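Asks: Turn these sequences into a full structure, and let the hints steer you where they fit.
In order, the protein sequences belong to chains A and B.
Residue 1 is where the first sequence starts when you use my numbering, and the numbers rise one by one after that.
Residue 1 is where the second sequence starts when you use my numbering, and the numbers rise one by one after that.
Treat the hints loosely; a few may be bogus.
[To be verified] Cut-off 25 Å, straight-line C-alpha distance, at most; resulting in silico cross-link-like pairs (SDA-like, lysine to any residue): (1) A:LYS381 - A:HIS361; (2) A:LYS223 - B:LYS337; (3) A:LYS214 - B:SER346.
I should point out that these hints are in silico values taken from the structure, not numbers from a laboratory.
From a predicted model like this one, the values you see are computed outputs, not experimental measurements.
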Amino acid sequence: VLSLFCLGAGAGQDVGRSCILVSIAGKNVMLDCGMHMGYNDDRRFPDFSYITQNGRLTDFLDCVIISHFHLDHCGALPYFSEMVGYDGPIYMTHPTKAICPILLEDYRKITVDKKGETNFFTSQMIKDCMKKVVAVHLHQTVQVDEELEIKAYYAGHVLGAAMFQIKVGYESVVYTGDYNMTPDRHLGAAWIDKCRPDLLISESTYATTIRDSKRCRERDFLKKVHETVERGGKVLIPVFALGRAQELCILLETFWERMNLKAPIYFSTGLTEKANHYYKLFITWTNQKIRKTFVQRNMFEFKHIKAFDRAFADNPGPMVVFATPGMLHAGQSLQIFRKWAGNEKNMVIMPGYCVQGTVGHKILSGQRKLEMEGRQILEVKMQVEYMSFSAHADAKGIMQLIRQAEPRNVLLVHGEAKKMEFLKQKIEQEFHVNCYMPANGETTTIFTNPSIPVDISLGLLKRETAIGLLPDAKKPKLMHGTLIMKDNSFRLVSPEQALKELGLAEHQLRFTCRVHIQDPRKEHETVLRVYNHLKGVLKDYSVQHLPDGSITVESILIQATAHSEDQGTKVLLVSWTYQDEELGSYLTSLLKKGLPPSTS
Amino acid sequence: YQDLHTFELQAPTRLIEWARGNRVCVAGYGQSGGNEILQLLPPPTLQVKETQGLCPERDFKVECGGFSNRPVYSLKYVPDTSLLVTSGPPDSSLQVWQVSAEDSDVIKPVSAISTENGTGQPWAKIATISTRAPWVLHGSRLNNVQITEVESRKNVYMAASRNNEELSSLAFLDDNTLLLCCAKGQLCLADLRQPQGPLEAASVPSAPCGERWCMGVGRGPQGSDSSCQPVVCLSSGGHLTLTDVRKASEALALAKCRVPPPSSGAEFLCVSWAPALDGCLAVSGFDGTVQVYDTQGWDSSGREAEPIFIHKGHAFGGGDSSRDPALVTVHTWHPQKPRTLLSAASDGSLHVWDWVQPCGKC
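Replies: What follows is the structure, given as structure tokens:
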């Protein structure tokens with residue numbers, strides 16, 4: 001039995017928090033520990049009191065798995081491990097372990113320093129939390145304990161994102177986190193083998209979407225950039241250090257080369273080195289093309305993209321600048337924004353979701369007059385655009401993944417109480433599996449049918465195939481044997497072998513049945529009648545009349561006695577061993593039908 | 001182009017139907033079952049008047065869907081109801097479905113409308129109207145054209161014709177007049193007020209026989225008499241005729257559009273009038289393109305006309321050049337945005353495009 005509880009799941013396109021509890025064969029695993037970025041209060045963290053009311057989380061949970069570094073999947077981790085209290089292992093991939101703390105610290109800074117919140121985790125807590133992390137490689141089986149093992153698979157989506165297989169004995173669950181089934185410029189597509197898990201947990205935020213092709217998005221993005229640059233304006237693209245920035249850089253570089261454009265493109269200082277460093281470190285995580293070309297030249301060494309210097313922001317003329325941080329909430333990108341906001345020739349393109357309270361969020365909501373520190377009002381005349389390049393799986397992608405993994409059950413996490421009856425039916429019809437769609441706070445129970453492999457002794461196999469018809473690969477074959485469970489292994493052997501191995505003596509079971517026959521004559525005459533009758537009917541069997549007055553049919557013994565109270569009735573005692581059950585019952589019913597009238 | 005968006009459906013469609021609230025419906029036509037009927041909510045870019053370049057919501061959303069064992073060749077919504085009707089091989093029967101987007105996102109099959117001697121007949125062409133009651137006009141040949149009330153499945157009209165000419169499309173010209181287009185090119189009118197009256201042959205094709213024809217009927221502005229709208233007929237050889245079915249049986253104009261040799265059959269021929277641009281029509285089905293023509297200035301000479309725009313997007317589909325090039329299966333105009341069209345092709349692609357008028361008045 002698998003049991004699943006959704007503490008939180010992505011709701012809507014970019015906002016939400018993921019946190020799922022799975023109970024598999026007695027082991028409890030937490031999948032992701034995300035924060036909801038739309039809330040400013042306790043609602044942003046999952047309610048961990050659901051897990052256990054009184055009892056330490058460390059005792060209850062066997063491990064925590066984080067799929068990737070996006071805050072809606074790891075944002076609540078320091079809160080969970082340091083403020084609520086968990087000391088067990090936390091698993092994630094190497095890139096995730098490297099990048100998570102950076103994002104968490106960045107977010108902590110905005111929340112505490114900028115917004116002045118108090119009940120939030122500290123920098124030290126982030127550090128302490130990361131000490132509990134065990135980094136894993138792709139396709140590496142990690143033994144969490146004697147019975148629980150996990151394995152990470154490539155998920156695409158962002159650098160380091162992984163799908164995890166969780167296995168206990170013969171039961172397994174695969175959790176996808178966020179994934180993408182189509183490769184993009186710097187990351188490959190998700191992939192999993194035919195691991196046939198009992199349950200596949202997939203995100204389904206984009207399941208009912210038919211996405212505009214990447215080519216169109218890119219074309220529109222390039223068009224906007226080009227138009228702005230052509231008219232002498234400046235384009236600001238606030239980015240987080242890793243992720244879409246690389247994608248957009250490669251895109252712009254290719255475009256600039258093809259169109260022979262001269263306007264400079266800058267990348268924030270520090271950003272390039274850091275990005276380069278991580279990509280070199282985790283080169284195996286990028287897509288094929290990048291890996292191949294990285295050997296010849298560093299893909300992230302761009303011809304047209306140069307390091308940015310603060311002074312350049314004042315240079316006249318067109319330019320494109322990638323600057324951190326991504327939500328315009330502080331630092332260099334905000335500085336540049338303030339300088340350029342007043343000119344309508346300029347443009348700012350937000351490439352992702354912005355947290356409430358940040359400048360990015362405000363301008364995307366349409367605000368054009370912003371209050372800066374010192375009560376200064378900034379009028380925003382520059383064009384504000386939003387372009388989402390996030391990579392998620394749509395319905396087609398989900399179907400592809402299910403086809404690859406061949407799960408027995410599918411569970412879609414979507415958070416909103418959206419009606420996705422159609423997708424559920426589609427999956428059920430195409431793959432003949434159960435499809436579950438729980439809402440937040442719901443527990444789903446799935447009954448599994450684990451296949452347990454058993455070794456069968458050669459002798460038994462030969463014997464069984466010798467009897468009866470040829471085996472049919474499509475039909476299950478019924479076999480008789482003895483199952484020996486010893487030392488974690490299961491063996492099927494013949495009963496004799498089992499008795500010998502275990503040093504047991506065989507017991508014999510004998511059945512005796514009484515059949516009443518109406519016959520007033522003497523016993524030995526009744527016996528003769530029975531003998532003649534049986535000899536006539538059972539032509540293929542050995543029927544013998546023994547000198548002591550009993551009849552044998554094969555190894556079945558029949559004797560006749562007179563009824564104690566009624567001389568006219570004879571009692572036939574039919575006796576057989578357990579092995580002769582079939583014949584014994586047949587004989588009994590035959591005799592119960594009565595004897596043919598005697599001819600003599 | 002003013003704008004171009006490309007999407008990929010899981011399965012190709014040969015119909016794009018508009019529904020309330022600018023929703024569109026597509027459906028699969030695979031022969032081996034498992035076809036999906038999808039009602040899609042278009043991205044906001046298609047909803048607003050001003051086209052926005054970079055918009056957060058650029059995707060179609062599947063609002064609801066249904067499963068059909070048959071290939072779906074034709075689909076029509078029944079106005080003022082939550083029903084839709086589909087048809088497709090292997091016979092001329094119709095399937096009625098219920099769309100109830102509030103409680104569930106599944107389009108459920110409700111009933112089937114079968115026709116006498118329907119087996120073995122070509123698939124039914126359909127049109128719907130709800131002025132007097134929800135009606136569906138359907139038929140595959142001239143002699144089985146009928147109108148059935150959708151909910152009660154009662155027959156309310158039967159065309160009086162013994163001619164078993166195959167039909168390629170049919171339409172309501174107004175509440176009382178039906179226009180039927182035969183595959184061989186003849187147009188026939190029927191008046192519902194004279195149920196036993198014979199079908200009036202409205203025109204005879206002017207092009208060589210052996211070609212298959214289809215028609216496009218214009219929708220006049222609300223309240224106007226649509227009898228003043230010409231009917232355009234397109235043949236598999238690329239001939240276009242404009243006819244005013246009421247006034248004369250002589251063609252108003254003739255032209256020829258560019259057709260790649262050899263003509264690839266008439267399976268997906270499609271011609272339609274632009275609802276918001278006078279005299280503009282679009283043609284597709286010969287190859288991977290959709291051609292837009294300005295018919296103002298056409299005469300009866302029948303010479304080759306120059307399209308004012310050609311959408312070639314479907315021909316440059318997925319990177320796989322070893323596969324058969326995609327064939328455009330259907331196109332439709334946006335009801336409000338004058339130069340926006342939607343087109344679908346046999347490779348599953350769905351394009352939404354807004355073309356720029358090169359020069360001139362259209």
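Asks: Each hint should be assessed against the structure and marked as holding or not.
Replies: Now for the hints, and whether the structure bears them out:
1. Taking the CA atoms of LYS381 (chain A) and HIS361 (chain A), the gap is near 16 Å; set against the 25 Å cutoff, the hint holds.
2. A distance of roughly 22 Å separates the Cα atoms of LYS223 (chain A) and LYS337 (chain B); the hinted pair therefore holds under the 25 Å criterion.
3. For the hint pairing LYS214 (chain A) with SER346 (chain B), the CA-to-CA distance comes to about 20 Å; that is within 25 Å, so the pair holds.
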